[in-house]
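S.K.: Residue numbers (the numbering used here), protein chains in the order written: chain A, 1 to 112; chain B, 1 to 118.
Some clues are possibly wrong.
So the derived list for chain B, only partly shown, Cβ under 10 Å to chain A, looks like this [what the hints assert, rightly or not]: (1) Gly42; (2) Leu43; (3) Glu44; (4) Phe65; (5) Leu107; (6) Ala111.
Read the hints as simulated data drawn from the structure, not as lab findings.
Glycine residues also receive a C-beta, built at the ideal position from the N, C-alpha and C atoms.
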Amino acid sequence: QKEVEQDPGPLSVPEGAIVSLNCTYSNSAFQYFMWYRQYSRKGPELLMYTYSSGNKEDGRFTAQVDKSSKYISLFIRDSQPSDSATYLCAMSAFRAGNMLTFGGGTRLMVKP
Amino acid sequence: GAGVSQSPSNKVTEKGKDVELRCDPISGHTALYWYRQSLGQGLEFLIYFQGNSAPDKSGLPSDRFSAERTGGSVSTLTIQRTQQEDSAVYLCASSPTTASPSGANVLTFGAGSRLTVL
Chain A
1 QKEVEQDPGP
11 LSVPEGAIVS
21 LNCTYSNSAF
31 QYFMWYRQYS
41 RKGPELLMYT
51 YSSGNKEDGR
61 FTAQVDKSSK
71 YISLFIRDSQ
81 PSDSATYLCA
91 MSAFRAGNML
101 TFGGGTRLMV
111 KP
Chain B
1 GAGVSQSPSN
11 KVTEKGKDVE
21 LRCDPISGHT
31 ALYWYRQSLG
41 QGLEFLIYFQ
51 GNSAPDKSGL
61 PSDRFSAERT
71 GGSVSTLTIQ
81 RTQQEDSAVY
91 LCASSPTTAS
101 PSGANVLTFG
111 AGSRLTVL
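Let the sequences and hints guide you as you build the complete structure.
M.R.: Given below as structure tokens:
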């Protein structure tokens, strides 16, 4: 079993929909949680970062962490076709950037 | 540079040949990371450098893989005697340091080098 599980999708939604992306994990030591967005043939780019449990909002994006359930979510409101990409969750037990553990990514398609 | 630059962007090679992949990190970034992304898979950590030193080589899949970094800048990932299972996108990332007082370190990724071994 992988340390971080993520549904690969694809997830197809109409423009304007609310999107929910999720990851579960097994390592209780994880305390830094990130969401990366990766467009086709591009490198991942950091979208959201949270520490420990709680919510964080940035524009149309909200990241939630529930450490008790070992479950993290990314919500996208008013989804746009430009949001079509693969979304990767990543997490770490330490501040250091090495040994980030990534989920396999969820491919999202937002149709006009 | 403005971003992390990787070359070549695409490489097709025959089984058994050696390949070199290059990464030019953001100027001033002391930490450099190599990851591998296979089709439909998440990112697999390979190695990271702090300056020219590689404190963590735990992710290198076999002794056919090696990496070096010179001058605290450019890094080269070398794969010897390539195998078909080496086919993947090799991603390089850099960050200002391995640890930040404010929290987890933010990695900036390059676009990757897509390796196909025939």
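S.K.: Hint by hint, say whether it matches the structure.
M.R.: Against the structure, the hints come out as follows:
1. The beta carbon of B/Gly42 comes within 4 Å of a beta carbon in chain A, closer than 10 Å, and the hint placing it at the interface holds.
2. For B/Leu43, the interface hint holds, the least distance from its beta-carbon to any beta-carbon of chain A being 4 Å, beneath 10 Å.
3. Taking 10 Å as the C-beta cut-off, the interface hint given for B/Glu44 holds, the closest approach to chain A being about 8 Å.
4. Proximity of B/Phe65 to chain A is violated relative to the hint, the smallest CB-CB distance being about 16 Å (cut-off 10 Å).
5. Taken as an interface hint, B/Leu107 checks out: its beta carbon lies about 5 Å from the nearest beta carbon of chain A, inside 10 Å.
6. With a least beta-carbon distance of about 5 Å to chain A, the hint placing B/Ala111 at the interface is held under the 10 Å criterion.
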